[in-house]
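Let's have the full structure, built from the sequences with the hints guiding it.
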Amino acid sequence: MLLLSVANAEPYIPKDDATVLERAPAAEATRRLEPLRRMLIADPTDFASALQLAQGYLTIGRETADPRFTSYAQATIAPWLQAVDPPAAALVLQATVLQSSHQFDASLSMLDRALRIEPGNAQAWLTRATVLQVQGKFALARQSCGNLLRTAGQAIAISCIANVNSLNGKLEQSYRSLRQLHEVSQSSSADIRGWMLGQLGEMAVRMGDPQAAEKYFLAAMQATPGDIYLKAAYADLLLAQNRHEAVIALLQENEQQDVLLLRLAIAGKRLQSPEAKRWSDSFEARYLAAQRGGDSSHLREYARFLLDVRGDPRKALEVARRNWRVQREPADVHVYLMAATAANSSDGAAEVTAWIRENGYEDRTLPAAGKTTS
Amino acid sequence: MKILIARIVLCLALVGWSLPGSAHKQSDSYLSITQGAGDVALAVQWDIALRDLEHAIGLDIDANAAITWGELKQRQAAVVDYAKSHLQIANVAAEERHECPLQFTQMLVDDHVDGGYAVLRFSVDCNTRPAQVEVRYSLLFDIDPNHRGLVNIRSGEDSHAAVFSQSSSVQRLSLASAQRSSQAASFIVEGIWHIWQGYDHVLFLLTLLLPAVVLYRERRWEPRESLRDSLLDVLKVVTAFTLAHSLTLTLGALGWVYVPTRLVESAIALTVFFGALNILRPVVRERRWLLAFVFGLIHGLAFASVLVDLGLHGWNLLLALIGFNGGVEIGQLAIVAVAVPLMYASRSTTIYRRVLMPIGAVAVACVALYWFVTRAFT
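Chains as they are written, first to last, in the working numbering: chain D, 10 to 383; chain S, 1243 to 1620.
Among the hints, a few may not be true.
[As the list claims (entries may be wrong)] To spell it out: a stretch of chain S is covered by chain D in this simulated footprint if at least three of its residues, at any positions, have a beta carbon under 8 Å from a beta carbon of chain D; those stretches are:
#1 1354-1360
#2 1376-1386
[What the hints assert, rightly or not] So the derived list for chain D, only partly shown, Cβ under 7 Å to chain S, looks like this:
#3 ALA27
#4 ARG77
#5 GLN83
#6 ARG295
[To be verified] Restraint-style ranges between C-beta atoms, simulated for each label pair:
#7 GLY129(D) with PRO1387(S): 25 to 31 Å
#8 GLU1460(S) with GLU327(D): 29 to 35 Å
#9 ALA255(D) with TYR1500(S): 43 to 49 Å
#10 PRO1387(S) with SER198(D): 31 to 37 Å
#11 ALA87(D) with GLY1497(S): 54 to 60 Å
#12 ARG319(D) with PRO1387(S): 30 to 36 Å
#13 SER198(D) with SER1380(S): 37 to 43 Å
#14 ALA1305(S) with GLN189(D): 42 to 48 Å
#15 VAL1412(S) with ARG41(D): 34 to 40 Å
It should be emphasised that the hints constitute simulated quantities derived from the structure, not laboratory data. Virtual Cβ for every residue (Gly too), placed ideally from N, Cα, C.
Put into structure tokens, the structure is as follows:
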């Protein structure tokens, strides 16, 4: 396939005018934003349009996993950020942009600024909770969730707290309360349902109940079909059950998205598929190209690639350890411990096992070194 | 309330249950500027991602989410205009600035790891053969603040890279040989600093030099009679050390000899330790040059690791090797030039022989032992 061949030796002139050079999967979504873009050109001081346009770009960015759209969002609100007293909404949007490039501390300080201006900004509290959770600062994350009670309502605040607690010693209890909450809030929007179902699926995985996890993931994907991170989590569940053909069937059309390409490469390798080499070479080439300019925001994926595709646990451990400095989500714990176990390095994982013990983190799919005795 | 809910829904989509790390490549363009041997004009090739062009000026004419070669050809004039209005190349020589117009020659396509690219070729004529150009790069920065222009500039066998970003959009890049001499100069400076900042090299050298102005007789150090003898001794030690470390520096930098850094660093600490012991209880006396040679081999390996880290090849490596080694010798001679006259002047004093030499040697031995332990065992 043209899109994935690893850099031609020489530029060329295609023989046929109909040759497809590139897919633009977001073309239609982008076109829908065109009226907003024009309104903003007509009146560059129109903050409402700018904010809506920027949010539109962020949504496309999330659905396509193309960081360009995050940058477009950033450029759209940039003029307001330069003002002496930027609007809170602009600061929150910028915080989201920073978070997506893993600049967590900068993102938090942006959110704190927004909250000083507008203490009731629910989005700021929720984003803050999520960033703190990724950093493993659970007590602070819970505090942020608490502020959602009066700003966003009970359902969202409870989900927020359940997510944090599920990583912090109360997996079973959080799973139960989120399930109950989900049952009583069937009427909420597709986005919220997709979010809760995805959370439930992820907790079910850690509870060691793959059947329930699968049920939740499938329902979540029905609610929010564009969410590639959900797809990645479901693919991981399939990989853990050695259902490699199913992974390839699920992700065949998603080679453009690195997160999903990684899963294809893993499944392809285990099946010894004829596509395996192309997938893994493309993933590595894209990682190296992104890294050349100092972009180090995909260490998690690269560690997993080194471990599961290249079979180089020592290097994987090194990358996982660097990744651990930045983020501490279930996937980060997992790849760190798997790499340490595969590398036969008992002290290699001391840092993460200590963290697991301190925080009461539970995940029944972890190798023995990471199991807590609770 | 509606607005609030809309905002919450948006952010839920954003933050989700697993943060969307942007596991993807940002937008880059690839600009190569080549100066052929004897050519006046520069050959410029600019690869711009089709997805970037789609967003900036629109390529998908039939709105079917696929960009074809036919569509790109139809939009060629717009693409070329867009590119040309975001790149300026000027010949800069002695504060004179002369704009060099970009003459479009050909459009092709290429596939990079992250998708299809339009490849634009230009001929850039500065009237004379430029030795340095100023490049003003402004592609996409207005709509994508994270875009980067990755530039490769080549003249003959030399090539080097530069990165343009929103915060560094104007850069001066040198072509031709002017750059080679400045590179060599920078390696000389690098070499000088390396020996001055590497206390272990300096201490080792001093342990061998301190006894040069004295003689060991009947279990004690006596001042040497003649300046000539002292200088001859210094010359032998310094020459042996230089020959030895140049040899291993070259072998190491070329990759013919490799010893793990930890081993080299630990061994160097030992050389300093033995150098100090040899002052307290001289085993090697007149033939300290031999000691300088054998231990110098080890020090050269440490110098080499600096060059290996730079990952140079071919001419650039040779240039770096010569420059760096030259710098090390200059730095070393400077130390000798300061230390030897002071030592010679104070050689007859009791302080030099009874205090400085023994206590200094014990102190150096302790430091060296400490280095050895920390380098070898942690």
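Go through the numbered hints given earlier and state which of them the structure violates, listing their numbers in rising order.
8 and 11
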